[in-house]
Amino acid sequence: PFNDGNSTDTDSQEQSSDVVFNMPGGEDTNTTNTVYSTEYLESSALGRSEWVKFFGVFFNAEERANKLFDSVDSNYQCFAAKAEKEYNEIRPVVAWTSYAAPTQYNNNTAYWQISFADYKYDIVRDAGARMLNTTGKQATMFPTSQAFLRALKSVDIVVDESFVSYDYATLLKNYGIADQKSANYSWVATGRVFRPDRIQSTSGGLGWFEAPVAFADALLQDLIGLVHPKFAKAGYKPIWFRNLAKSDPVTIITAANCSDMYAQRQNPAGTCSLIDFQSANPTDADYSDVEKSQTLDLIYDVSKSEVINDNASSTKHSTASHAAGGLALAALLVAGVSAMAAILGV
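Residue 284 in the UniProt record's numbering sits at position 284 of the sequence shown, and the numbers go up by one each step.
Hints are computed from structural coordinates only; laboratory data are not their basis.
Because the structure is a prediction, the values reported are computed rather than measured.
Where hints are given, some of them may not hold.
[Claimed, not checked] In silico DSS-like links for lysine-lysine, alpha-carbon gap of 30 Å or less:
1) K153 <-> K53
2) K153 <-> K173
3) K246 <-> K181
4) K237 <-> K181
5) K120 <-> K173
6) K67 <-> K85
7) K67 <-> K53
8) K153 <-> K237
9) K153 <-> K181
Let the hints inform the model, and build the full structure from the sequences given.
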């Protein structure tokens, strides 16, 4: 599902394909059989996942695509309803951030950024949290770390999306914070600093840009586990997020992880239920003072979850798939599209 750096193989796939799925402005070698998709412009996570219906048409798999999305939608709504019930009163504040080091591409001038993408606002709300106050922009750029940190003063959780992966000490240095336990920032004092880079390819490609597009319910479940530790206390293991402050490891996915390149990819989300249960009691360190009074009875069936680890056998699928009765071959150049094809089993 991730770019493995093999441009020759990619070119070969394009030239032998019936259709090339790409994004507007994306580079491709075939112009007569290119189909553009814009799922990345959707304002909601569910809206992005619903594009499976679009791709299903090309493989004569409309009925299957509709059923797959209906399942994702139903599961998502269940998770969102439970999060709304439990966390409507007190919601932690989440900021999606990034740092760009000085390079020739930015006039050798570092900058810091907070993302306010619509789909992030949508899913953070549905997870029982809230985004940092926005001004209607998709992103806000800061020329100095001081201005950037002032904007993060009221934040409880930081999700760092910087292009280059690094450790916690480097993040704090890049952000201009000297004390790893700084009481000036809740997200530093409590160690609630995350990156969506738990799943990676050998070349550094992130699973974050693939499966979460197709599985909005799994993305929501992951985010609930991130913003509400009591959910994680019930036994949930994040799929895409890792806690940078706790030095959570990454999982490297290689071709060896794929036992059947034509197998239909299973939804990694647990199955949500409206049945209540008593979760394990968190420690005081799990929550800030304003959050300690919250409870969680959101339940999911772990037995139905796809466990992703170093020994996983179904987390990587070919980016070109045969489809009986549909397209013979499709080259998938858009992040997330290979996941769409994989869940269709085409």
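Please write out, lowest number first, the hints stated earlier that are contradicted by the structure.
Hint 1 contradicted; others consistent.
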